[in-house]
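Same order as they appear, the protein sequences are chains W and Y. Here the first sequence is numbered in this note's numbering, starting from 1 and rising by one per residue. Here the second sequence is numbered in this note's numbering, starting from 306 and rising by one per residue.
A hint or two may mislead.
[Said to hold, decoys possible] Below are the DSSO-like pairs computed for lysine-lysine, each with C-alpha atoms no more than 30 Å apart in a straight line: (1) W:54 to Y:901; (2) W:50 to W:30; (3) W:60 to Y:680.
Quick caveat, the hints were computed from the structure, so don't treat them as lab data. For clarity, every value in this text was computed on a predicted model and none was experimentally measured.
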Amino acid sequence: MTLTSAHLAIHVFAVLTMPLLLVGVITKTKAAFAGRVGPPVWQPYYDVTKLMRKGSVFSKTTTWVFRAGPVVGLVTALAAAALLPLGGHAAPLSFEGDLILFAYLFGLGRFFTMAAALDTGSAFEGMGAAREATFACLAEPALFFGLIVLARFSGSLSLTAMMGSTLADEWHRGGASLVLVIVSLFIVLLAENSRIPVDDPTTHLELTMIHEVMVLDHGGPALGLIEYGAAVKLFVFGALVVRIAVPYSADPWLAWGVFAACMLALAVTIGVVESIMARLRLVQVPVLLVAACLLSAFGIVLVAR
Amino acid sequence: MSETLLLAAVALAATSGVPGLFLRRTAKAGEWLAALFMLGGAALGCAAAITALTTDSPGITYAWHVPGGEFALRVDALSAMFILQIFVLALLGSIYGLGYWRQAEHPSNGRKLRLFYGLLTGAMALLVSASNTMLFIAAWEVMTLTAFLTLTTEDERASVREVGYVYIVSTRLGTLCLFALFALLFTTSGGFAFAAPALGTSPTLSTAIFLLGVAGFGLKAGVMPMHVWLPGAHANAPSHVSALMSGVLIKTGIYGLVRLCSLFANPPVWWGSLILGLGIVSGVFGVAFAIGQHDLKRLLAYHSVENIGIICIGLGVALLGRSLGRGELVVLGLGGALLHVWNHGLFKGLLFLAAGSVLHATGTRELDQLGGIAKRMPWTTLAFLTGAVAICGLPPLNGFVSELLVYLGLFRAAGSQARELWLAGALAAPALALIGALAGACFAKAFGTVFLGEGRSAHAARAHEASVLMLAPMAVLAGACVVIGLAPPLVAPILQAAVDAWAPEAGLAQPALHTLAPFGYVSLAGLALLGALGTVALWQWVKTRGAAGGRQSMVGTWDCGYAAPSARMQYTASSFAQALIGLFAWGLRPRIHAPKLSSLFPKPATFESHVPDLILDRLLVPSVRFATRATHAVRFMQGGNLHAYVLYVLLTVLVLLWWR
Numbered sequence: 001m002t003l004t005s006a007h008l009a010i011h012v013f014a015v016l017t018m019p020l021l022l023v024g025v026i027t028k029t030k031a032a033f034a035g036r037v038g039p040p041v042w043q044p045y046y047d048v049t050k051l052m053r054k055g056s057v058f059s060k061t062t063t064w065v066f067r068a069g070p071v072v073g074l075v076t077a078l079a080a081a082a083l084l085p086l087g088g089h090a091a092p093l094s095f096e097g098d099l100i101l102f103a104y105l106f107g108l109g110r111f112f113t114m115a116a117a118l119d120t121g122s123a124f125e126g127m128g129a130a131r132e133a134t135f136a137c138l139a140e141p142a143l144f145f146g147l148i149v150l151a152r153f154s155g156s157l158s159l160t161a162m163m164g165s166t167l168a169d170e171w172h173r174g175g176a177s178l179v180l181v182i183v184s185l186f187i188v189l190l191a192e193n194s195r196i197p198v199d200d201p202t203t204h205l206e207l208t209m210i211h212e213v214m215v216l217d218h219g220g221p222a223l224g225l226i227e228y229g230a231a232v233k234l235f236v237f238g239a240l241v242v243r244i245a246v247p248y249s250a251d252p253w254l255a256w257g258v259f260a261a262c263m264l265a266l267a268v269t270i271g272v273v274e275s276i277m278a279r280l281r282l283v284q285v286p287v288l289l290v291a292a293c294l295l296s297a298f299g300i301v302l303v304a305r
Numbered sequence: 306m307s308e309t310l311l312l313a314a315v316a317l318a319a320t321s322g323v324p325g326l327f328l329r330r331t332a333k334a335g336e337w338l339a340a341l342f343m344l345g346g347a348a349l350g351c352a353a354a355i356t357a358l359t360t361d362s363p364g365i366t367y368a369w370h371v372p373g374g375e376f377a378l379r380v381d382a383l384s385a386m387f388i389l390q391i392f393v394l395a396l397l398g399s400i401y402g403l404g405y406w407r408q409a410e411h412p413s414n415g416r417k418l419r420l421f422y423g424l425l426t427g428a429m430a431l432l433v434s435a436s437n438t439m440l441f442i443a444a445w446e447v448m449t450l451t452a453f454l455t456l457t458t459e460d461e462r463a464s465v466r467e468v469g470y471v472y473i474v475s476t477r478l479g480t481l482c483l484f485a486l487f488a489l490l491f492t493t494s495g496g497f498a499f500a501a502p503a504l505g506t507s508p509t510l511s512t513a514i515f516l517l518g519v520a521g522f523g524l525k526a527g528v529m530p531m532h533v534w535l536p537g538a539h540a541n542a543p544s545h546v547s548a549l550m551s552g553v554l555i556k557t558g559i560y561g562l563v564r565l566c567s568l569f570a571n572p573p574v575w576w577g578s579l580i581l582g583l584g585i586v587s588g589v590f591g592v593a594f595a596i597g598q599h600d601l602k603r604l605l606a607y608h609s610v611e612n613i614g615i616i617c618i619g620l621g622v623a624l625l626g627r628s629l630g631r632g633e634l635v636v637l638g639l640g641g642a643l644l645h646v647w648n649h650g651l652f653k654g655l656l657f658l659a660a661g662s663v664l665h666a667t668g669t670r671e672l673d674q675l676g677g678i679a680k681r682m683p684w685t686t687l688a689f690l691t692g693a694v695a696i697c698g699l700p701p702l703n704g705f706v707s708e709l710l711v712y713l714g715l716f717r718a719a720g721s722q723a724r725e726l727w728l729a730g731a732l733a734a735p736a737l738a739l740i741g742a743l744a745g746a747c748f749a750k751a752f753g754t755v756f757l758g759e760g761r762s763a764h765a766a767r768a769h770e771a772s773v774l775m776l777a778p779m780a781v782l783a784g785a786c787v788v789i790g791l792a793p794p795l796v797a798p799i800l801q802a803a804v805d806a807w808a809p810e811a812g813l814a815q816p817a818l819h820t821l822a823p824f825g826y827v828s829l830a831g832l833a834l835l836g837a838l839g840t841v842a843l844w845q846w847v848k849t850r851g852a853a854g855g856r857q858s859m860v861g862t863w864d865c866g867y868a869a870p871s872a873r874m875q876y877t878a879s880s881f882a883q884a885l886i887g888l889f890a891w892g893l894r895p896r897i898h899a900p901k902l903s904s905l906f907p908k909p910a911t912f913e914s915h916v917p918d919l920i921l922d923r924l925l926v927p928s929v930r931f932a933t934r935a936t937h938a939v940r941f942m943q944g945g946n947l948h949a950y951v952l953y954v955l956l957t958v959l960v961l962l963w964w965r
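In isolation and in its complexed conformation, chain Y is listed as follows:
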């Protein structure tokens, strides 16, 4: 039932951009039809997911003319969580696109964008419900290629082509890993279904499968140090595509990893430790690199790396719990990770849409060109602030709830006697606290420089509030952040179902999530906090504005007696970050061009500081340059002649056939 609904949803979403192709370039109907198709698709998709959450389905299978492949779909609770998120964000992004990427303003690439946006959505939904690895990889490839085509919408810009190239190269590497992974899985389980390896599979083979999964899925998820494609791609795509990519596309990597790990009932302890370690590295360095960015969307992109890190910490705790037979760690870790998958989709989607509104209104993403737009864009400001508080994991919003679950898992691990567990907990919990504090610093910087203070340039002075079509999706996302934050018991049954689907083994005693997590108290504390905030705010308002003796006057900002302060004297984003960058300079390697003052009367000089990506700009680009030089002798083989490439493929296949 749910699979049929899902197929209909996928069909509607995937074809949403098609009607527009048959209309005039400037016609409005195409974009509205696309949004309507997407609405229908999202309704069916959500219905499919909710059906799957309430009833257990055996799945459906159609014949498929691919060797070993079966068009086999099964929506379980784990898939349902991802399906809900994919369709909700895709729909909201598509509505946002009606205001943000109007066909009338982008006649040359609007139709292309909507075509591939729809295909991308459909492919992701198909991917998370595929129960055959061949179907999975087919959907994976469609997703990857359409994502490339949507993010390079503005391919006339060199920077966009550059990040598109980095993205496509990294996805090739990822897909290669997945081919090897599924081939190995085939040798152990004897089929192309997602099935547990047969008993007696050698540990080496299991390890190879796991490591290939970490590499292949980690590349998609953007786990550091495999995140190189992510910051540029998110920054340069149209903002609703950034929201979709950051919100759900990178989560397909997490889905793959979670699904793969679910196949192994008794993973070695170091698997969990590895995922946990990668999570800590991604989390701390993701946010540290974010602090160094000058570009609002690039900053948000690095926060995706950070949040993927938090998700991996949760998954690591769950794996450790599974290895060591601690059911409560499985429930808390995986529950926290999956809830954070949702939450990150919600608040990062919200932040990218708000950043898109700023970009749309001012024409720049440079933090130090912006400022003071809170007065011109009050609703966008509120939306961004909600997203910022949520992403920092602060109460009473949703980020706090999922981080709380991960923390509970870590503290329980830290209280254990097992050496692997207490060490993991004692290292990861303070690391998560560090991540939280750094995220708070980064978003105080981003929110403060972009929205508060005085405008720093003519760009900022141009700002105007976004249209209703752009504000409405933001309002929905912000509302969802508040609802999950204040009423976490609502999501508890969904999480419970997904956790049960992940680790169904009977031997492991898994306590119910609602007995482990204080959802009711979180709800109570959140409401009480909001109530108290409201009361004190009201008191202050009455005190300063009300009729009863309230007196207030408006003057300029006190700048310690200086008579003519100007907007340029404000603290900039770079200066805000300077001390923290200094503390992390050993890992970030910032490039600082400071003027050398030599004579008594130095000439005017400029100061610049950048934090380039350590892995991409400092490691990969130089090593690729070196490799290009070193392999100069055989470069003639790559002459740009397609016929020659096809010949290579044919020869390789023949050699392989002969070899068998």
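Chain W on its own, in the form it takes in the complex:
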């Protein structure tokens, strides 16, 4: 798999523009389930543009760490997107071991988001940061169990090779374990991106929130960066799941179409999950995440024979 400049341009374009569309599709799906028309799918673009044009309000308690939070959150998500192959071509940056960098970039973003939340001195934001930290600790092993399965299949430690043309054949050899990995990574996706049943991005009660409560104090361009960064993170985790589930790469141009269609289907799926499920009680979230770990651990057991 090589990377031509045309594919690189499409990669960059998709990473920059598609994430907000996913958010719009999720909202639209939920509206359809609720029997409403809902905002247009382009609404997140309007929202972010509006936020970018606004002025800022900062708390007197905060320092530069508060302003660094949104920046690090967005940049780490974009950097992770540069390591992941989307269509049938190589990622813009790929090397042996890039999957570790991929996982740890989100760790960096999370660390600064939590620090920015604690910088406000608000009890609610501290609470959100504590929950984010707790659930991340359980999601991380699940992600790594899944990556080990993929690494075992491909014999490589680079995301580009792991999601490459060989993955399609692996579905014949170890489809069961890949299904387990996909389910586990989907749960990780829901948890890492604060979706129902772990967190509710649209709730109005600060006490029950995780991600939204951490960013209560951000406004204007900073909030715009956070919204955009969160969408990119959703896009990257979604792309990971989609590329494992549908590793089509025979025709590089068609692969882009397949990828885009699958991403939209994934957004609809998330919308459906959010519509038909209630949020779990916070004390039950760890149970769900441990289940995700166990699923992908079983994935390893299946391929280890």
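For this one, chain W is given, so just place chain Y on it according to the hints.
Only chain Y this time, still in chain W's reference frame:
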């Protein structure tokens, strides 16, 4: 050549505290002379290490009037790595001490501290270059005793005496193991040199040697469950001593273990599995206990246990690779472990020095008494943040590079067909991910509670920025973290040389480190990440502050409409950790004193939670109490009479002589 340089360096460092003894108690010259001696020692020591890295030396030997002992030194690449670290951290700590432990402020114990600090440094440097086990153990004992004397600098405090006692007891046990270890090694190799056991040594004997090494060196390194002395000792020593102890003293245990393992060309597979398992336990529980701590320096101390765990995981991978003839695992595992030895010294040294500045400025180590000092101590805050990002293994700093090497080894092991290997990799890689996420949570908690938000007490309001003498060593350490993180190719040749020195056998095909590890790409990705961060930050700055329509206003924190928020309403360190402590309660056994609400109008009540050390407070202390009661009948032998003790020693020696 390098050995002569090293001896000069050791002499300078060891005598650095001596001139101060002849000066007045309040004289300033003593501390500056000590720092100057240390500077000279560090320069010579680094020169010795660099010489050893570039040229291979046969070593030097002097006659020594100890039965079986030889004053034999040899600095190979492995020793050189440790020597560099010892001298750099000792020098930086000694400069930091000029501001932190000024003679004028501590006339009663400043001279003592500097005397033993210098001796400690010299002993450690001698230890890692000794090629005779008798010399090794002599240096080991000097190191152990001077470490005890430096960490009990403030011996007027009961808590300091208590941790000093725990430390000295655990070192006695460790030294006992080492005596037995070297005696067994003597029976197999027939000498007191560090030499491989003769061919045909029985597996039982090799196993005994290995297990004694794990116990003796593990006690020094603080591998869980042998870490009991470590948290208290690191928390109660003066901060630059904590930095030296955590940064390099516990690494002498790792050095011993690495050196011992290098003697066995074909170790059984379970050796590697044991070290790997101990590494996982130390890593996960080290960081889990850290999350439960309320004391900033105790929290950092538990992170040392965690990082020793990561180093052991790397060493375990290397041993497994050596047993199973997988050269690439040896290179990645040992390379990662040794680089993490360096990195941990750098960022933990940095964190302890930053914590020391906070303690110096506010007078408290209690997390829940601090807060909001980022505005008062901006440079210390930046230093601590750098250390925190590095210790969590996050890109683009140095912790990421060494953890990446260990991960690469683990993933390669997990991809293998050999049962021992894939199982090790499949368990350890997610465990390492868990360790990383827990460390992120712990440092978000520590950094957030200490530096961010509003001050929680009058202590925090007192904070002021540290002096230049204290900031400069922190800047050097932070700079080193950034440089290794952004330019790992710089350290690759050093690691390669050390790995080659560890496993020189010709049969094992070892690929070069730079072909296995993507150092160039890590460098590229790190720089690109920093560039992108800078660009977006600049854009945000222009957007919110710049002249072109930037509008911003400053108000109070939004507390959901509550009109009078106070600093006491902030989330505390204990509340931040509560959920995670709950998840690990089966292992941590927290003590929670919650009020019982009985009537309709309950009285004011208090809530407390502590995470005591499971092994020390729940296992060892009760069992020692029990043993004391059980052996009451023979307690008269330990009457505190020194003459009687000397008599016991004499009688024992006579009995042993008769027995031969």
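Now the hints, each set against the structure:
The hinted pair formed by residue 54 of chain W and residue 901 of chain Y fails the criterion: a straight-line CA distance of about 50 Å is larger than 30 Å. Between residue 50 of chain W and residue 30 of chain W the alpha-carbon distance is near 23 Å, which keeps this suggested pair within the 30 Å criterion. Distance hint between residue 60 of chain W and residue 680 of chain Y is fulfilled; the C-alpha atoms sit about 11 Å from each other, no more than 30 Å.
In this structure, the one hint that does not hold is number 1.
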